[in-house]
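Since chain D is already given, all that's left is putting chain A with the ligand on it; use the hints.
The chain contents come next:
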Amino acid sequence: MSPPASTSARDTILARIREALRVPAPPPHMASQAAGATAASGPGSLTVLPLEMARPWLPDGGETPAEQLALLTDNLAKLRAEVHRAADLTGAAEIVAGIARDRGWRRVAWHGHPAVEPVVAALDCETLRVDDNAFDKNALESCDAGITACDAAIAQTGSILVSSGTCGGRALSILPHVHIVLVSLDQIVATLSDALELVRTGYAGRMPSMVSFITGPSRTGDIERILVLGAHGPKELLVILVG
Amino acid sequence: MKPGSPAAALHPVHEAEDPHLAKQKFLDDAAEHVRDTGHRAFVRKALGGYYTNRDTQQARYRDWEQARDAASLAKWSAVNRLDELLPKFVAAFEANGGQVHWARNADEARTIILELLRGAKAKAIIKSKCMTSEEIHLNAALEDDGYGVVESDLGEFIQQLRGEPPYHFVFPCMHVRRDEISDLFGRHLGTPPTDSPEELTMIARRHMRRLYVDADVGITGANFLVAETGQISITENEGNARLTAALPRMHIAISGIEKVVANLDDLAVLLPMLATAGAGQPMTCYNTLYAGPRQPGECDGPEEMHVVLLDNARTAILADPEQRDSLHCIRCGACLNVCPIFKNVGGFTYGTTYQGPIGSVITPHLRGLADWNHLSGASSLCGACTDACPVRIDIHHHLLHNRRNAAKTAPNRLERLGHKLFAAVASRPWLFATGGAVFRKTLWLLKKLRLPLLGDWLATRDLPAAPAASFRSQWRARK
Ligand code: SF4
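Protein sequences, first through last, are from chains D and A.
Under the numbering used here, the first residue of the first sequence is numbered 1, with each subsequent residue one higher.
Under the numbering used here, the first residue of the second sequence is numbered 1, with each subsequent residue one higher.
I should point out that these hints are in silico values taken from the structure, not numbers from a laboratory.
Don't take every hint at face value.
To be verified - Partner residues aside, some chain D positions facing chain A, computed with beta carbon under 7 Å:
1. Ala31
2. Arg80
3. Arg200
As the list claims (entries may be wrong) - Dumping the calculated EDC-like pairs for lysine to aspartate or glutamate here, alpha-carbon to alpha-carbon at most 16 Å:
4. A:Lys88 <-> A:Glu228
5. D:Lys235 <-> A:Glu199
6. A:Lys121 <-> A:Asp145
7. A:Lys343 <-> A:Asp29
8. A:Lys45 <-> D:Glu224
9. D:Lys137 <-> A:Asp216
10. D:Lys137 <-> A:Glu298
11. A:Lys448 <-> A:Asp462
12. A:Lys88 <-> D:Asp11
13. A:Lys123 <-> A:Asp216
14. D:Lys235 <-> A:Glu198
15. A:Lys343 <-> D:Glu224
16. D:Lys137 <-> A:Asp214
Don't be surprised by glycine CBs; every beta carbon is placed ideally from N, CA and C.
If we strip away everything but chain D, and leave its shape as in the complex, we get (with noise of 0.2 Å):
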């Protein structure tokens, strides 16, 4: 595309925006007076910011590492998530290893990081480190498994926070069918909003190109509405909590 086609049409569009934006629009019909009044301060200054009003009344997080640890657990299972509990990674490296026996996987990925290390350590199995070097892509997608860390865990809504700077790139969660991800119970966050806050000051400054929230396995109602999972992504999610 030459630049100047581009160029003319960001400043048409720019230029409608403005012209548009001269007449105010009214704000939506709040249910409360709180929300009516912080909108009549303006679109620009909200006095109140839209995350502060909603937090007293989005789904609750939990106050305690104990009641986070609580909900996290419960929700998982409601996603039809795996949990297993391990008091270290001593004790998690027998669980995957013991898995990957039991069903006879031949091939695991994983990438390097001091949670996953040992736990890959313990496989009998072949495997595949996706972050040394280019790694083939045939090879990943014929994995049983891929194991990696995160970043964090929210209780609220039961969802893992991965990143492609973090967590193994982009290909390592999604691509194999069974995802395994090493939880530490210090990880644990209670809402949402607490893990957003995560992405925006822990990678200040050097943003992973991919940050994503996983909330279970993948899953498809496509057909008829009814629930099927392992649609694209893993099939199973096996969370693994340390600690």
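Here is chain A with the ligand on its own, set in the frame of chain D:
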């Protein structure tokens, strides 16, 4: 699209060739669908699970109504600051190494995408669900240019094989029975028949995996553009969008300009509410933020990432302060799922990219009020859509606004004359009484006469029997 091309065959019956026929097509298709009780029952049954799940998930909110306030505020403050937030998004996205392209209309968007594909020497293209690409008829343009493109979302894949557009913009093939899907896969993929949704899903899964690996360009939509960080947010359940943006060497995302939100924080409100309102889920399975192409130190991901920002008459809606809030739409589909009209006439009858109540509001803006105002009449004005909308768009009132605007620009002279006549009669008691007496005797004739205007209305309605005496004489008798 060139007539007679294989691409033209992709949209065979669902779009009237001549826009002036849109209304007649709507009336014909609606009449046909409402008589098809099997179809209606099937659609109702498919939606049954949705209502239960939505109610369960909404109950987890400590107050769903007040959460809707916050969600609507987030979108209202973003759409009304588009002049500030859109350039902010672009600057942040470009700083991360992404490239932005602006398209005033569908034609420009298609040209931009075709040139990107040519530049990338693309051979195989994989696509995840993207309604803006339906809006600009992208697949037809790609196929006309000789590109093969595969829809990876299961529902979209089924619709692509059937040669039909989506029936519902969130549940694309909710009208198709499993035996039809089994036959379809048998014909196209050579798989044995099955009546298990699970087995059918696995057939598509197996078929698609090679295609992700071999594709060199992935095309997706975008649910939100985050101005603060320059990320695009994509919501999906199947993992096909994640794969589409992970394996090919180029990622192109197409987004309407209205998708901007100010902050990451806004997503903490909007992502769960989108999932709950649209599909009765606590969160959609994958909510993914893309900041740009693969960064140094990352082991995979595309070398290039492009975002195509599409206007295509969105600025015309923006220029109407009364209906500007229809740009708040997060395309959750809730208003379709609760709409009595949608459930009775079905998704194809609309003949539009966006079906249901929100489609009836915005299509007249996108394609012209004169030819699409009939959609404003396709409503019982029950307000179920407005109640369901997570961002509080005043949907059913906008249908009235469109009717009013249409009446202003193209008044129906016959209707006006009728109203004038009635006003003249009603303001003269003696005339009203005489008229009433005549009318009570001749009411039965109305059904026979097929009068202009009234004839159509009466064709599907029963007339009440006329009372023997007028209200006023009954009142006097009681006194
Ligand atoms: S108008 Fe509201 S309910 Fe309808 S799709 Fe858009 S956001 Fe959802």
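What's the verdict on A:Lys88 and A:Glu228, does the C-alpha distance respect the 16 Å limit or exceed it? holds (7 Å)
Taking 7 Å as the limit, does the beta-carbon of D:Arg200 come near enough to a beta-carbon in chain A? holds (6 Å)
16 Å limit on alpha-carbon distance, applied to hinted pair D:Lys235 and A:Glu198: Judged against 16 Å, a Cα distance of about 11 Å means the pair holds.
Does D:Arg80 pass the interface hint, meaning its C-beta sits closer than 7 Å to a C-beta of chain A? Cβ of D:Arg80 sits 11 Å from chain A, so the hint is violated.
For the pair supplied as a hint, A:Lys448 and A:Asp462, is the alpha-carbon distance within the 16 Å limit? holds (12 Å)
Grab the minimum C-beta distance from D:Ala31 to chain A and call the hint holds if it beats 7 Å, violated otherwise. holds (4 Å)
Going straight from one Cα to the other, do D:Lys137 and A:Glu298 come out at no more than 16 Å? The given pair, whose Cα atoms are some 15 Å apart, holds under the 16 Å limit.
Within 16 Å, alpha carbon to alpha carbon, are A:Lys121 and A:Asp145? holds (13 Å)
Just to be careful, I want the Cα atoms of D:Lys137 and A:Asp216 compared with a cutoff of 16 Å; is the pair within it? holds (12 Å)
Taking 16 Å as the top limit, are the C-alpha atoms of A:Lys343 and A:Asp29 close enough? holds (13 Å)
Between A:Lys88 and D:Asp11, is the straight-line Cα distance small enough, at 16 Å or below? Status holds; Cα separation ~15 Å.
For A:Lys343 and D:Glu224, compute the direct alpha-carbon distance and say whether it is at most 16 Å. holds (15 Å)
Hint compliance for this structure: hint 2 is the single one not met.
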